[in-house]
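Number of protein chains: 2
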Amino acid sequence: MNSPDFNRYKRMVDEHLPDYLPEVDPKSSSLLKAMTYSLTAGGKRIRPILLLAACELCGGSAAAALPYACAVEYIQTYSLVHDDLPCMDDDDYRRGKPSSHRIFGEGMAVLAGDGLLSAAYEAMTKDMLLYLDDSERLKRRVKAAFVISKGTGCRGMIAGQVSDMEAEGRTPDPQLLAYIHLNKTAAFIKSVLLAGAHLGGADAAVLAKLSVFGENLGLAFQIIDDIMDVIGKGEERGKAAGGDAEAEKSTYPALYGIEKSKEYAMELLSKARAAIRGYYDHAEALSFVLDYLERQIN
Amino acid sequence: MNSPDFNRYKRMVDEHLPDYLPEVDPKSSSLLKAMTYSLTAGGKRIRPILLLAACELCGGSAAAALPYACAVEYIQTYSLVHDDLPCMDDDDYRRGKPSSHRIFGEGMAVLAGDGLLSAAYEAMTKDMLLYLDDSERLKRRVKAAFVISKGTGCRGMIAGQVSDMEAEGRTPDPQLLAYIHLNKTAAFIKSVLLAGAHLGGADAAVLAKLSVFGENLGLAFQIIDDIMDVIGKGEERGKAAGGDAEAEKSTYPALYGIEKSKEYAMELLSKARAAIRGYYDHAEALSFVLDYLERQIN
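Residue numbers (the numbering used here), protein chains in the order written: chain S, 1 to 298; chain V, 299 to 596.
A few of these clues could be false.
[Unchecked claim] Covered by chain V, per the in silico footprint, the following chain S stretches (three or more residues, Cβ under 8 Å):
1) 15-27
2) 81-91
3) 150-160
4) 166-180
5) 191-202
6) 217-231
[What the hints assert, rightly or not] Below 27 Å or equal to it, Euclidean Cα-Cα: the simulated DSS-like pairs (lysine-lysine) are:
7) K331/V <-> K342/V
8) K331/V <-> K308/V
9) K126/S <-> K424/V
10) K547/V <-> K395/V
11) K97/S <-> K10/S
12) K27/S <-> K547/V
13) K10/S <-> K126/S
14) K569/V <-> K558/V
15) K33/S <-> K547/V
Hints were generated in silico from the structure; no laboratory data involved. Everything numeric in this text was worked out from a predicted model, so none of it was measured. We put the CB at the ideal spot given by N, CA and C, even for glycine.
Next up, chain S with everything else stripped away, as it sits in the complex (with noise of 0.2 Å):
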């Protein structure tokens, strides 16, 4: 199976995902070395191809919405080398090369994830400067960061990580672990296709169903990777297997067993995939998605 726009999408990401960063300064190279670094391990570009295809199936433009795409995927790369730092799930390898913190040390990889964060916002308000006299289009652009900005903040993936972080070691707990999901995962990928639909004009019809899929989706994502955790290869995952039950991470797969998560998956991906029925036309990219998650696990 194969989806062509999915594929475009991907490309257009990888071709100008270095385009949105800012002018730095010859005398901070280093920095711009440790960010490149990470953005270009590797990554699948899950979260800007969801953006893209969602504002394309809301009529609007993907190369236009290209800035916050490429945003997303700097937050996304600052969240793991963040992550991968030794005070947080210490990994040596993420994507399958060394994580920042052991090519650039520590200091550096604190300082390269701040940046990719701050270039983030950068590169969306730079845009919003493109369209001071076009309040439509303004407007939109304004909608999509404060979504953004919503899903990966205090209220989305960073309040999943905390929670993440604090149920290490402890007693899986159905509830909390429902939360550190909805939180660390699905917010984010949730945001990234509201941001994707308001750059597309959505109205709010489509933005509802995007969001019960997004949710949905982003569940199951975060599930089928704790999954592939447990029973896939560290090769193809770039980084060593098991890794979260050596950590003792609440887990689904911890908590109820491989069959049991694979169930819950394939349940969520069916919801995802029903919210948007009516859409298929003009949503190749997204079921695309969800047969390749599909996939993963049968």
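Following the hints, put chain V in place on chain S, whose structure we already have.
What follows is chain V alone, placed relative to chain S:
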């Protein structure tokens, strides 16, 4: 000497600082606690005060500029929390209290910093949502958020922090030192003045004056801070004196000695003062900041 405006701005910031933090779920109370701990640890609030002063100087409403004033204090605070980490400056105390990582652990300090930076942009973009149908005021807000992102990002504060870190233990180099100060401190200070000015609806002439004012004030601010690190008392500063020398930091006092550093700081303060000549009547708080800095070294 006293400044009614300065005191009024400081009260506004102290009173409203928590108001623009996102509504965090009670399950993430530990995150909010860590963020609030550092926010309320008694900062001088110089940056938000300068923003409010610049806004009123340009005819704007300080109350309407509060989300941006608080956002810059969130950014300032995140940078201190990360800067104090063992892998960075390894400071046990900040503003007279144990630093974040000593109370909450390193992982939480990283996330609290990330949370504060994210909260800054969430506050600013959320405020923009209130002005979607007031294109003039929306534009001002977009410009303010952009200059803040630029001044605190990879061609501003973070660039300076990277160079500062890299310069540690090396022979001090005057050109590099200037680069560090321009970015680490002056770029941020300049950006808050420009942000305030944009929010107040400044014209190009005032923006140019405030840019010169901000850069010179920012450089003086950093040099005086470094002088105080050598001659000041630990108790007053809230951290041990002599920390820079111990860390072999690249500073003006280390390069030129105390007296020459004082002379240079006074020269910079004069340039800053000259830049806002003609605006004195409406810039009482700005000249108060200059006077305050001058008194520290005289």
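For each hint, the structure was consulted:
no., hint, in the structure
1, 15-27, "holds (count 6)"
2, 81-91, "holds (count 4)"
3, 150-160, "holds (count 7)"
4, 166-180, "holds (count 3)"
5, 191-202, "violated (count 0)"
6, 217-231, "violated (count 0)"
7, K331/V <-> K342/V, "holds (20 Å)"
8, K331/V <-> K308/V, "holds (22 Å)"
9, K126/S <-> K424/V, "holds (17 Å)"
10, K547/V <-> K395/V, "holds (22 Å)"
11, K97/S <-> K10/S, "holds (20 Å)"
12, K27/S <-> K547/V, "holds (18 Å)"
13, K10/S <-> K126/S, "holds (23 Å)"
14, K569/V <-> K558/V, "holds (17 Å)"
15, K33/S <-> K547/V, "holds (23 Å)"
Of the numbered hints stated above, those contradicted by the structure are hints 5 and 6, listed in ascending order.
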